[in-house]
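Visitor: Protein chains in written order, with the working numbering: chain A, 56 to 548; chain B, 793 to 1132; chain C, 125 to 249; chain D, 14 to 509.
Treat the hints with care, as some may be off.
[Said to hold, decoys possible] Here are the simulated distance ranges between beta carbons:
1. B:P1092 <-> D:I487: 33 to 41 Å
2. D:E18 <-> B:R1050: 17 to 25 Å
3. D:G72 <-> B:L895: 34 to 42 Å
4. B:A890 <-> D:S314: 30 to 38 Å
[To be verified] One-sided and incomplete, this derived list gives chain A residues near chain D with beta-carbon spacing under 10 Å:
5. L94
6. G101
7. Y194
8. E198
9. T209
By construction, these hints were calculated from the structure, which means they are not laboratory data.
Only a predicted model underlies this, so the values are computations on that prediction, with no experimental measurement involved.
Every residue, glycine too, gets a C-beta built ideally from N, C-alpha and C.
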Amino acid sequence: METVVSIKPLLASLVSLVAVIPIVLSGKRPNLREGWTFLAGLIKLGLVVSMLPVVLAGGTVQYTLWEVLPGLAIAFKADAMGMLFALIAATLWLVTSAYSIGYMRGLHEHSQTRYFSFFAVALSATIGVAFAANLFTLYLFYEMLSLATYPLVTHHQDGEARASGRKYLTFILGTSIGLVLPAMLIVYSLTGTLDFTAAGILSGTTTKTVIVVLLLMFVFGFAKAGIMPMHGWLPAAMVAPTPVSALLHAVAVVKVGVFSIFRILTGIFGVDLLRTLGLGETLCVIASITILAASLIALSQDGLKRRLAFSTIGQLSYIVLGAALLSPKGMVGGLLHIAMHAFGKITLFFCAGAIFVATGKKNISEMVGIGKRMPVTMIAFLIGSMSVIGIPPTGGFISKWHLLLGTLEADQLPMLVVLLSSSLLNAAYFLPVFYRAFFCTAEESLFPAKIEEAPAWCVAPLVLTALISVGLFFNPQPFLRLAEMAVQFCVGG
Amino acid sequence: MIWQFDLLILALGVLCALASISLKDLLSAAIVFGAYSFLMCLLWTEMGAVDVAFTEAAVGAGVSTVFFLAAVYHTNRAVKPRRRGRLLHKLVGLVTAACIGLLLLSATADFPTWADPNSPASVYLSPFYITETIPQTAVPNIVTAVLADFRGFDTMFETSVIFVAGLAVLAILGSYGRRQRDYEPSPTGQDAAHQSSIVQTACRVFVPFMQLFALYVVAHGHHSPGGGFQGGVILGASFILVAISYDLRVMQRRLRERLAMLFAGLGVLIYAGIGALCLVLGANFLDYSILHTILPATSPIMARSHGMLGVEIGVAFTVMAIMVIIYVNVASHGKSDRGL
Amino acid sequence: MEMLLAKYNYWIYVTLMMIGIYAMIAKCNLMKKIIGMSIFQTAIIVFYVSIGAKKGATIPIIAHGHGVAHEAVRVADYVNPLPHVLMLTAIVVGVGTLGVALAIAMSIHEKYGSLEEDEILERQE
Amino acid sequence: MISPEQYPVLIVVTPLLSAFLINILGNMDKRFCYPATLLALAGSLAAAVGTLCRVANEGVIHYRVGGWPPPFGIEYVVDHLNALVLVVVAGVALVAAVASKRSVEEEFPHKITQFYTLFVLLTTGLLGMTITGDAFNLYVLMEIAALTNYALIAMGGNRALMASFNYVVVGTIGACFYLLGVGHLYIMTGSLNMADIMTILPSLYGTNAILVAAILMLLGAWIKMAFFPLHGWLPNAYTYAPSATSSLVAPLMTKVSVYIMIRVMFSVLGATYVFTVLPVKELIVWLATAAIVGGSLFALSQKDFKRMLTFLIVAEVGYMVGGAWLATERGITGAILHIVNDAVMTLCLFLFSAIVVYKTKGHQLSNLEGMFKKMPLTMTAFAVGALSMIGVPPTAGFFSKWYLILGGIDAGQWQFVVALLFSSLVNAVLFFRIFEIAYYEPHSDHHGHSAPVAIDEAPMSMLLPLAVVAVAIIMLGLYSGEIVTTFIQHAVPAGI
């Protein structure tokens, strides 16, 4: 185990925060402004990738910025788990930036400077969460992300945005202050530290009841993970401009939630402790309820983005379920699903946005025959759907395969049933969209049969992510390797 | 100390206090309150607190009453009879008073017997003051020595309190800066000429003696009851007397408000300045003994005595000026016109 | 009787203080509140001065003069001067507070034409 | 010329002397007042910082005023606790003074001289209260601070008058209770010096008189700090006070009173007495809990922005009192740290409200509409203060709350922990409501395309102090550990 002390993890997080300054200053010149965004994105990706060899070799990159109070430091650590997440976020930021340009300019949105600034801040926070070496640092960036995304969610500044913004903050801040903060304080007062370690820090410090309470506080407290009943903000937040929904609500925000849960389960509680106390099953039940309920609700949604939102809620719980299985394969599956779902879901959101830019349509019922008009988009949509459902040849298959193996490994047959039935439900709510788009008579079609795609800035990113989704089926590296290393590290076997 | 006499005064005091809070006529209440202060003054003389009594006589029974009268004159004289009873208020008042009373009474059981020469207060710090005053400061009036030297720092802030009070009254009632220059008939319609000439003549005779006496009180504070506060109040009272028997303008011709404010500032500045001088000379703040290095022919001990005189003069300046300022503003409702 | 003689000063101060507190809370008229406040403050002075009293002692000014030879000062002869000093301060603070309170009361009267607390509160609405 | 030995007294004497000079100069020309005030307060701050450094290096400093040894003379004692508070008081006063220029010129152009003289004297009073080691001297300074405070509030006119009058009555009761408490201590011990009293007291712990003394002194401090349920005077007084006054008074008055309470608890009565002999520890923590919950709920129901802030002060006082009475090391650390942090946070919020009043002539919540567009920098700085009130890391508010909650957990006082979290949540609601009002413009169409709003920032003399305070909040947060290890841990009484 090689430990490199380097400022890189901090820089990777800070670069987009610093980029806010030139972005704001060049607010009057959009091209220059977006140039800064890209530059920062490239540097960020570069920094993340430059740490990859060390991590792949089994090492970590660490950096302690500042010890505020004894045992309470702002510290960074790039390990396999964090690297997996940071890599996804950094890659997708670049893609989304490109897409944002197409979307925002295509719709002549107002306050674009504010939009790009807060986007950058949000990314900073996401990378910060990924590389956080302790719970305190994680919490700090988690809160920073909540605040930075508020202006993005309420970008339209109208009544609907106001209501959604309220709901968003109520859920996110309410749970983080009301549940995570006290849980964190209790952990600190029990152990005197908040560092993530391989075996967890809680074992042997307190009674089972306290552990259970803490566990529930954390799992529901990270409301960004959308575990029911803390999921209400996600559909509401769909009022945001689509690139925001795409990056933040399919990738950054929600994944920060599940990533945090993953971290807490492995780094604070420790897999062994959870296994001994038999808490995995409890979590599995919580997760599976969300999986099934969300999928059922998604079936009844007509708004495309709302359907995607509920689908996200369900898929997030796959990841939690993976962690809760407490078996190596299951956890690998969970971590992999962070990556696979990210690429699949972002493709879907990009498609939804592209449809809106090109036609102004938001509801599925209005999209009959749209495949004739926007074939590229809709094929990408199909690939995204397949990945989320878990049909080969897409990346989603790999992660679901691991999850299924995990249920067997953990001897949790009911969970196997849950996963399979949920996949059926996924198919049931995604495939009709595709079916209606292509398979309809000329009379039924609501669109003229003339190919008219969204602007290239919009289409190119979604094609790219769709291709990556397929590519990940054939070569799921480096994500698989990272996930395996991460799991090996915390399961210790 | 004759306890029967003591008890009588205390009983009268309680009666006066009750009367002054229950009388419906505010003017009478103010006068009764003056009487109450005077009784307190007697009581303290009787207990040997001559300096306190002197101050109370000048401040409590004297100028305070005048301030009250002036304020009542400018507002309502009668207390409105209450149609709706303030039952809740009365109840809260009674309960609070009873609670505090019981609390305080419960403590008295542990107190040493009254006037016990062996009480902690009498045996712990005070012997030092009583025995060391003469050797260390050459001032026979122990109260003055403690006031201006041992605890001179308190007194500096006490003077500042007075300064603050004057400034506060000025800031609230607000006079100069927007003073009405024009003549304004007084609300009673009286003119200066209509004031009683007997009063005016008496005042004319009195004032010089008052002022002389005030200066004596300041200067002789080292040896007898008195000092800057008492002298300052009497000095201020002499101006107030002029203002009452003539009118405010006559007084203001002798001591303009702006000048009074300057005096007030100067007074505290003298006090704090002497303190700062000690500091500059290399001793601690207000350590007068160091002043012997700049005062001709003085020992450190006499320097203390002189230092005290200096600060007492400063105190007198401030107190005098501020008493005048408060009176002027209260009596004229901040307009600096003819006043009452 | 012993008890009475030993503590009556303290009891009276408590009584005065209760009168003061009652007036400050229960009275509606602002001037009455101010009078109550002054009574309250004098009660404390009574308390402190009582602490300073000493049986068989005289006023705290050391006997001296040109004819009198300097003898050793006997502590038992003089009352405790410290409370007196403290109470000089308290009296001065009292008159300061009184001045400020009167000034505010007069401004209130000028603004609302009344010194009754309930009327003022009504007129503020 | 003047040796560092003299720094402690200079902290107080510099503004005192300057106050009189300001008054004299101001009567000649009003324009002297502002620079002279800044100079005086900067001098005081410099002396305070000098003292702080000395305390950090050498430990507790004693200074004999007038050269008389304690307990006969008055003594200044600067230990790790008040060295810190002194710097905060002097610093906050300086910043508030810098920002006051425009407000004062606008609100009472004829009374500039009086205002600044009183302003500096109020600061003197607060500094004097903090530094003194003599129980009676503290009372005198308390009265200076109180009288100046009444006048500064009454200068607001109109509704401020009645508020100020109530404050006079209640404040006098508070100060007199304190004085009576000192009297009880004096009659029992014969001493006025705090350290001296503390050494004499243990033999008298059982007596009723000491119990009454403790109750009276604490009651006095609680009235002065507006501790629930004695807080009735505060909201009106601070709401209707002129902006320049509230920027000084709101951050400092309650905090210095909390300091006084801590001083009385640990340096006069002694930790053993207050925590083991007095049976009120639990009760007070419950009261603090009520203060926090009550203050938060009342704040929630206000439509007036400034009034809302005043109720937050009531809640914050609950934090500090509760923390101090938790009787655990971390609780007390949190309370002391919160004195520092809360002073700076409150300053930030009230400076912002001064800007709002200056720009919009009102302090209702509706006055804040569209502020993000009009004053982006001001709002950013305000946001930092608001986040600190909520307790979002890495702002200062998070860390003091951190200690307070840990203290509550250590003491097993869960109701206090819950109240703190509840108050954080309520603060989040309150401030995000404000952000929302300021973020949405009054008349925007569906996509927010409203008429372009011109940027209309606050004047430099108000914006700069606000920005400095915002930076200070973050710096204080990051340096919490340093502050705790260098100063506060020495201030917590040993053996609890």
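Visitor: Please go over all the hints and tell whether each is borne out by the structure.
Guide: Okay, the hints, checked on the actual structure:
no. : hint                           : verdict
1   : B:P1092 <-> D:I487: 33 to 41 Å : 53 Å, violated
2   : D:E18 <-> B:R1050: 17 to 25 Å  : 39 Å, violated
3   : D:G72 <-> B:L895: 34 to 42 Å   : 39 Å, holds
4   : B:A890 <-> D:S314: 30 to 38 Å  : 33 Å, holds
5   : L94                            : 24 Å, violated
6   : G101                           : 27 Å, violated
7   : Y194                           : 7 Å, holds
8   : E198                           : 5 Å, holds
9   : T209                           : 7 Å, holds
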